[in-house]
Structures are given as structure tokens and as C-alpha cells.
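Undergrad: Hey, can you work out the whole structure from these sequences and the hints?
Protein chains: 2
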Amino acid sequence: MTVKDLSHHLSNEAKRRNASALKTAFKYFGKDNIVFLGGGLPLSDYFPWDKITATSPAPPFANGIGAKPTNEADTVITEVGKTTDLEFDIPLARSLQYGHTEGQPELLDFIREHTEIIHKIPNSEWDVIVTVGNTQSWEASLRTFCNPGDFIVVEEYTFPSAIETARALSVNFAPVEMDDKGIIPEKLDQLFTEWDPAKPKPKLLYTIGTGQNPTGSSLSNERRKAIYDIACKHDFIIIEDEPYYFLQMDDYKKNSDEPAAVTHEEFLAALVKSFSSMDVEGRVVRLDSFSKVLAPGARLGWIVAQKPLLERFVRLHEVSIQTASGFTQTLVSGLLGRWGQKGYIDWLIGLRKEYTIKRNFTIDSLSKHMPSVVKYEPPFAGMFFTVKIDAAKHPKFASEFGKDPLKVEAAIYEKSLEQGCLMIPGSWFKSPNFKDHNSSEIFFRGTYAAVALDKLDIGLERFGKAVELEFSS
Amino acid sequence: MTVKDLSHHLSNEAKRRNASALKTAFKYFGKDNIVFLGGGLPLSDYFPWDKITATSPAPPFANGIGAKPTNEADTVITEVGKTTDLEFDIPLARSLQYGHTEGQPELLDFIREHTEIIHKIPNSEWDVIVTVGNTQSWEASLRTFCNPGDFIVVEEYTFPSAIETARALSVNFAPVEMDDKGIIPEKLDQLFTEWDPAKPKPKLLYTIGTGQNPTGSSLSNERRKAIYDIACKHDFIIIEDEPYYFLQMDDYKKNSDEPAAVTHEEFLAALVKSFSSMDVEGRVVRLDSFSKVLAPGARLGWIVAQKPLLERFVRLHEVSIQTASGFTQTLVSGLLGRWGQKGYIDWLIGLRKEYTIKRNFTIDSLSKHMPSVVKYEPPFAGMFFTVKIDAAKHPKFASEFGKDPLKVEAAIYEKSLEQGCLMIPGSWFKSPNFKDHNSSEIFFRGTYAAVALDKLDIGLERFGKAVELEFSS
Numbered sequence: 001m002t003v004k005d006l007s008h009h010l011s012n013e014a015k016r017r018n019a020s021a022l023k024t025a026f027k028y029f030g031k032d033n034i035v036f037l038g039g040g041l042p043l044s045d046y047f048p049w050d051k052i053t054a055t056s057p058a059p060p061f062a063n064g065i066g067a068k069p070t071n072e073a074d075t076v077i078t079e080v081g082k083t084t085d086l087e088f089d090i091p092l093a094r095s096l097q098y099g100h101t102e103g104q105p106e107l108l109d110f111i112r113e114h115t116e117i118i119h120k121i122p123n124s125e126w127d128v129i130v131t132v133g134n135t136q137s138w139e140a141s142l143r144t145f146c147n148p149g150d151f152i153v154v155e156e157y158t159f160p161s162a163i164e165t166a167r168a169l170s171v172n173f174a175p176v177e178m179d180d181k182g183i184i185p186e187k188l189d190q191l192f193t194e195w196d197p198a199k200p201k202p203k204l205l206y207t208i209g210t211g212q213n214p215t216g217s218s219l220s221n222e223r224r225k226a227i228y229d230i231a232c233k234h235d236f237i238i239i240e241d242e243p244y245y246f247l248q249m250d251d252y253k254k255n256s257d258e259p260a261a262v263t264h265e266e267f268l269a270a271l272v273k274s275f276s277s278m279d280v281e282g283r284v285v286r287l288d289s290f291s292k293v294l295a296p297g298a299r300l301g302w303i304v305a306q307k308p309l310l311e312r313f314v315r316l317h318e319v320s321i322q323t324a325s326g327f328t329q330t331l332v333s334g335l336l337g338r339w340g341q342k343g344y345i346d347w348l349i350g351l352r353k354e355y356t357i358k359r360n361f362t363i364d365s366l367s368k369h370m371p372s373v374v375k376y377e378p379p380f381a382g383m384f385f386t387v388k389i390d391a392a393k394h395p396k397f398a399s400e401f402g403k404d405p406l407k408v409e410a411a412i413y414e415k416s417l418e419q420g421c422l423m424i425p426g427s428w429f430k431s432p433n434f435k436d437h438n439s440s441e442i443f444f445r446g447t448y449a450a451v452a453l454d455k456l457d458i459g460l461e462r463f464g465k466a467v468e469l470e471f472s473s
Numbered sequence: 001m002t003v004k005d006l007s008h009h010l011s012n013e014a015k016r017r018n019a020s021a022l023k024t025a026f027k028y029f030g031k032d033n034i035v036f037l038g039g040g041l042p043l044s045d046y047f048p049w050d051k052i053t054a055t056s057p058a059p060p061f062a063n064g065i066g067a068k069p070t071n072e073a074d075t076v077i078t079e080v081g082k083t084t085d086l087e088f089d090i091p092l093a094r095s096l097q098y099g100h101t102e103g104q105p106e107l108l109d110f111i112r113e114h115t116e117i118i119h120k121i122p123n124s125e126w127d128v129i130v131t132v133g134n135t136q137s138w139e140a141s142l143r144t145f146c147n148p149g150d151f152i153v154v155e156e157y158t159f160p161s162a163i164e165t166a167r168a169l170s171v172n173f174a175p176v177e178m179d180d181k182g183i184i185p186e187k188l189d190q191l192f193t194e195w196d197p198a199k200p201k202p203k204l205l206y207t208i209g210t211g212q213n214p215t216g217s218s219l220s221n222e223r224r225k226a227i228y229d230i231a232c233k234h235d236f237i238i239i240e241d242e243p244y245y246f247l248q249m250d251d252y253k254k255n256s257d258e259p260a261a262v263t264h265e266e267f268l269a270a271l272v273k274s275f276s277s278m279d280v281e282g283r284v285v286r287l288d289s290f291s292k293v294l295a296p297g298a299r300l301g302w303i304v305a306q307k308p309l310l311e312r313f314v315r316l317h318e319v320s321i322q323t324a325s326g327f328t329q330t331l332v333s334g335l336l337g338r339w340g341q342k343g344y345i346d347w348l349i350g351l352r353k354e355y356t357i358k359r360n361f362t363i364d365s366l367s368k369h370m371p372s373v374v375k376y377e378p379p380f381a382g383m384f385f386t387v388k389i390d391a392a393k394h395p396k397f398a399s400e401f402g403k404d405p406l407k408v409e410a411a412i413y414e415k416s417l418e419q420g421c422l423m424i425p426g427s428w429f430k431s432p433n434f435k436d437h438n439s440s441e442i443f444f445r446g447t448y449a450a451v452a453l454d455k456l457d458i459g460l461e462r463f464g465k466a467v468e469l470e471f472s473s
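So the protein sequences, as listed, match chains A and B. Residues in the first sequence are numbered consecutively from 1, following full-length UniProt numbering. Residues in the second sequence are numbered consecutively from 1, following full-length UniProt numbering.
One or more hints might be untrue.
As the list makes no split between identical chains, a pair holds if one copy fits it or if it spans any two.
Computed cross-link-like contacts, PhoX-like style, restricted to lysine-lysine with a CA-CA straight-line distance of at most 20 Å [stated by the list, open to error]:
hint: 1; residue 1: K31; residue 2: K415
hint: 2; residue 1: K393; residue 2: K375
hint: 3; residue 1: K415; residue 2: K375
hint: 4; residue 1: K368; residue 2: K253
hint: 5; residue 1: K187; residue 2: K31
hint: 6; residue 1: K68; residue 2: K51
hint: 7; residue 1: K455; residue 2: K233
hint: 8; residue 1: K455; residue 2: K31
hint: 9; residue 1: K27; residue 2: K455
Calculated from the structure, these hints are not laboratory results.
TA: In C-alpha cells, the structure reads:
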């Protein structure tokens, strides 16, 4: 299957980018018969790191992914010098040198194989490049596709930092309506069908499809397929920002014990389908990251897309980030190489188990502590849960609050801080140009990722009390 | 000394940037009496690196900075776990977590102290932030100060990648004339004095003041002072891109032995003055980097500037790179902390010695191999040397080449490749809007950084032969 030519969606900036003239000389670099005096590279002899070593847990992580490695059997040692004999190790003489803007080949190989296992992309022209994480990848995407004044479609509640990135670039927002299950496909189709032709038609949809921030919702396979078809019909690009993809969880069971063990096959079969996995036309740009599955401070991610689009990202990276840190690339490639694809899946299964436990605990805790006015659903993926409240049920909704749900939201936020718990008011996540639904429902976003379970329970008890106090006032 | 308010130089994009609304909630993060359910941070228990270790050479590097550490006395071991007791070590639980966009405090402390030792900045409102290297810092500078259509002043021959970065952002170029010693201050003053008021006045000067790329020239202290005064007079910002600052060398001596040992005091006194060191008004943005002094692949640098300007860079970093890799920050801070400021100066002295040897060898080799039509001067700093040729002396200058020096340049480039040596033609470095001087002089840029000395000698012999063949044709 050949992908579509999407070059008409490139921004003026992306079209203006040239490869440096110096690159034409670099074709002579490393040739035996040429003494290459063309490039200002320091000798790797002068890199003051002879060897780096890292201690990590070993698959299958039988005691959990949070267990500290204590003996030879449960420990993996990554050790890489300036040179190396192992095929997945990136020697420091290369990773700490200039070059390989698209990422070091050993790391790219692992990520490509992983992508193949997970997504089975139905076109033959996809590839991956290494990035410094999805925050940068999203900015790079905006700069690659959008001119100032262009519109993008965003979920009506979304990640404020993603909005701020676009706003600074003078990009405009067309929010699409959501329900408990995320974007409503019919509303998305309607948005494009009824688009005012006096305005530039949105070139892209930005979606956090799995474990959405802030709602915690995840798009079903059916909705994803419907949305992909709408993208083909109206010719736009889907940017799927998927840091939480591998924080998918088992079904919620009340007061459950540990989740049951799963096989690799069961794990893979249970994963929701990515937009990339249905991308016959090459119109998906998938932003993937190690931030939530390994560590945010690694500043390492990757983009999956059709090659001609990736080439434009590489041109941008050449004159900005250059590439991800060589230490990071050597350490991550070294670890993943030693774990292998199977060991990495073991890790992801371990992660699923941890988050399932956290999510289940959260729902149990909510059911203990929340007054009946508070509604909630167990999220399927990600780090966030939401609690919903019908502000109209506040006894002073009409009097003190003048029927304004946002005033009730602010009152609950303050009361909750007084009680000693902080959750983020849902209105803080409203996209610019948010269209009011005339609903009296408000919500708060919480997370179970960052705190120990006992503390989470205390926090939710305090929040419940705050709502109770507020609604009985 | 209070710095000038330079907010009138900010770009519209930089002015538009807001701190995220979520940040207002983060003031409650870490407070004892609040259970903070606000942020999506993974638990550091799940970072699969329990400990990282690096083997490095130890000061005073008596056998040279390129010597491999072999025994306890000449080896420094950096070892950092998720927690740590040493004040300069950045624990992995923090460096691999989100946060600290401006850089980790331990690393910032070392860089601040280093900056104090080297530059003694004469205003009280400077600070530093960590970056992922000068390529990104230059792009961030352009985005912080320039609107599309704005002009910037650049050296008439400059780094093509720096030009490409600005060109993609629709920035225009006003090149300033140079001689063998870099920017001619009178020409810079003239450029501003005679500026066409119908065009936006340039907001900034971009200069590689030390070991300039491609000319290899370095600005004297006197020129720097003159240029700084011109910046104050005409109210523009100086962006000094200084990756080569510590590749300053001893005076060239023909067929010399090893350079004499120098004390720390002698080393520091011999350094050329930076623009930052004379920045009473706070109009210098210094782009500094570990790329040439430690390793390019670390992707680690820093910016020195007045705090209100740095704050705008931090807002940009929050929605793009976030910050430098945590592995890099932990490893570099760990090494520098163990070396100490004095050990780091030892390293820089060792670097000076290595580059002095390379530069001296290059000049000796040129004097052996170049025909008399080729002129050269020993560079004072950096990785590059240039050879100059008066194209008018080519026997076929008027006939075959139609008095076009660029055609002679192209002929020498081709002939040199045939002989097996690649140096970059000087015309490839011409800034857009380059004003022709009607000179018949051409030049080629070579480097002594990237190759072993014996190979360099072979390359220069080949280049000399190519010129000889061409000029006797």
C-alpha cells in the first residue's frame, strides 16, 4: 500500500527548510581515499568518559517492576565503553559525537521492531525517528504543518501545555465535542462538513487517544476507526500523542486482589488499536515516548510516520535539538537490548499490573469517601481519573452562585484545599473557543500515579469531606 | 549595576508565552498539609535504573586529556543512585523525573561558579539556564527576539546551519564586513548608522567571536569592547555563540616542542575577554556549550544572560525541550563535582595544550606543502584554519574563468578531491545578502580537530599538490 502525498499540508516554514550545503561534502566523510578536513568534530579520545555502567532490574520482574535489584539473577548490568562488541550497544565514541540526527541505528532498530510487534502498520512507507520527548515532538509537529493563523482540531478538554505550545505559534483552535468515551466521531465529521470556507480548513487533529489528559477517557477501537475514516474523507492529519499508551489496565473489579498474570499474547491482544495500526494512507503522526514507561528525565521518545514527513522533522531537528542525548541513547539502547523485545513486554506487563492496582484502589477509595453527588467511572488507561458533580444540586446554586457552575467549581477547589487535598478543576483544561454545552456538570482531575496508596486514600477522604461540607452549606 | 529593560526587543511569540495555569496549582506541591493529586508524575520506583556509574580520567591529567584511565590514581568514578549523599550529585529519582526546566540546581551551581571565575560579569542580574546545546539555544534566541521579517546582523562569512535556522524562521540578514581579525567595528557602526529606516532595525548581532566558523579568526579584546559600545549606542543585543571559547591556544612557534606548562592564573589571564565580561547593560546573551570541551553527544550547554530574558527562554523550553537529559545532567554534574572547579580548569588547560599542538603541526605542515600562492595565518582559537589564494594569479583567470574567482574556487575544490583531500570552499559560508568586495581572494576552510596528525599532513600535501597542478595548468 502506497501512502498519500501529504506535502500540501506542510507549513511554509517546513517547505523553506533546506539541507545544509555542507551536507553535500559529507558524502566524502569516511571514504578511504579522501582525507576529510571538512567537519569540526572533536576527537573521541578527548571525551572524558571511558565507560558507563548502569544497574537495572532483570526480566521477568517477578517481584514487580518497582522491586530493587538485589542479586545477580534479578539484575541486568549495562556496560558500554568508547567501543563495544555487542550489536545493540551504541559505543560512546559514536553516541557522544555529532551525527545521527534521526537517532542512533541500534536504538532505531529496537524501536522499529517494537513498533512492528505492537502496531502492524498497514503501509510500507512508515519509519521512526528518535526525539527528545512528546513535548518537543508536538511543537515540531505544529511547526511542520501549521502556518500562523491556521486552525487545528483539539479535544474540547485537553492538556494546557499542548495548547500553550500552539497558542505561542499563533495557531487557532477548533475544539471537538467529547463524551465519557472521548471524541464523538459524528461531531468531528460535522465540524469539517460545516467548516466556514472563509477560514483555512484544519490540517490536523491533535488527540491523546489513550488515557486522555485530563478526562482519563480512552477512544474505543470503533471510534478510532470512525475517526480515521473521517480524516481520510476530509484530508487531515491525525497527531496521536500517546505517552500513556502502555498504561492500559485490566477491567476494574471491586476490592480485588492482585490482577491475574497474563501471557504476552493476552497482553498484546488486549491493547487498544492505535491510529497508526489502521494507517493505510500514511496520515498518522504518532508521538511515542519512554517518559511514562521508563523515565521522563530520559527525555527520549520517537515519532512514527511516513518517511517523507519524517524527513521534514529531521531537517527541523538538525537546526534545533540535533538529536537526543548520547548518554540516554546508549543507556536506553543498552538496557532494551539486554532485556530484548520479550523482556520489554514483561516490563510493560508489570507496568499494567501496577497501574491496575492503583486504579482499582482509587475507585474503591472513591466509593468509600464520596458523597452521592459525586460521580466517577474507572478509567481504562493513563494516570488520571475524574470526579463529576452536578453543580445544580448545590443548595445555593441559584442564590449564591447565580447558576454559574464555574463558581461552584471554584468553591469546591477552595474548600478542598482547606481540607488538605488538591485536584485540578476541569475548567482549567478547556480549549480556547470551547463551546458551552449549557450543562451544569463540573469535574475535577486527580491522579493515582504520583502518590502512595495510603496518602491517596487520605486525599480522597478530604476531597469527599470538602464536597460534603460545600453541598450542605 | 542594574541592567537595561530589553523587553522591547522580545518577539511577539515570546511576548505571547504564558506560564501554564497548572503552575499556579504547583505551589501546593510538596506541602506537608496537602495531598497533591494534581500532577501526572510516574513514581521513581518504576525508573529501571537503580544506579549509574562512569569511569573518567582524573585531574591533573598529567599524561594528557586523551590518556585512557588505567589505575586508581588517574581514574575518577562517578556513581549515582536514585538517592545520593553528595552535594554535587543529582539523584536519579530527581534527574529522571519531570521538573527543573531551567536545569538541575547542582549543575547550575557549578556552572554559575565557573562563569564567575571566567567572566566576572559586571552586572548583578545575570544568571544561567541549562540547554541542550548551542544549536537549540540559537534557535531559541531567534524565536525569543525575532519576528518574521526582522533583520539580524551576522558575520559576512558564518556557520551555514546558523543561517539555515534563521532563514526557516523568515528572518533577514544584514552581513557585517570582516577582515583577518573578524568583525570590523567601524563597519558595524556604519551598518546601523546608515540603516534604511523603512526596514526594521536589526535587534541582534550573532557572532562566533572566538575561533570563528569558518574563518578561524578571533576578536581581540579591543574589538570586543568597541563592538559592545556600538551595541549600547544602537540598542541591539549581542548573541555570542562561544562553543570554541576554551579552544584558545598559545602563540604559534615553528617546529616547536610541546607547549610549556602554565599555571591556573596564567591560563585564566591569557583568555580573551568575553562579551559577557563587559556586559554592564545586560544586553549579551552568551551561548555556552560542553560540546567541544567534553562531548557533543552530551547535548548539554547553557545560556548566560540577564534574568528577565532567561525567563522567556524558560517559558519556551517548557513547551519544547523541557530540559536536558537527566542522565546527562547527573553524569556531567557528577564528573564536574568530582573534578572540582580546579580540576575542570586542569582539563581546559590540557585541551589548550592539545589544540596548540594540532594547530602548530598544521602550520608547519602548510609551510612544507603549500605553493607560494597559498597564504595562511595561525589561528588563535577554535577548530578551523583557512588557506587563502588570490584567484587572479591563476594563469587562466581571465581566459578560462572569465575573471570569476568562484570558478577558480570550484576548480580547486574538484582538483583537491581528485587528489584525495576535502576542504570546504569559503564561498559556501557566505551569508545571504553578502556584499561583494570585488576581491579576487578565495579561501578554503580546513580543520585540525577531527583527524590524526599524520593523516592531516597527507591531506595538506594533497591539497598543496592540487593547487600547484591547477595553477600550472
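Undergrad: Take the hints in turn and mark each one as holding or not.
TA: Status of the hints after comparison with the structure:
no.	hint	in the structure
1	K31 - K415	between (70 Å within a copy, 17 Å between copies)
2	K393 - K375	within (13 Å within a copy, 87 Å between copies)
3	K415 - K375	within (18 Å within a copy, 78 Å between copies)
4	K368 - K253	within (15 Å within a copy, 83 Å between copies)
5	K187 - K31	neither (57 Å within a copy, 42 Å between copies)
6	K68 - K51	between (23 Å within a copy, 10 Å between copies)
7	K455 - K233	neither (48 Å within a copy, 60 Å between copies)
8	K455 - K31	between (62 Å within a copy, 13 Å between copies)
9	K27 - K455	between (59 Å within a copy, 19 Å between copies)
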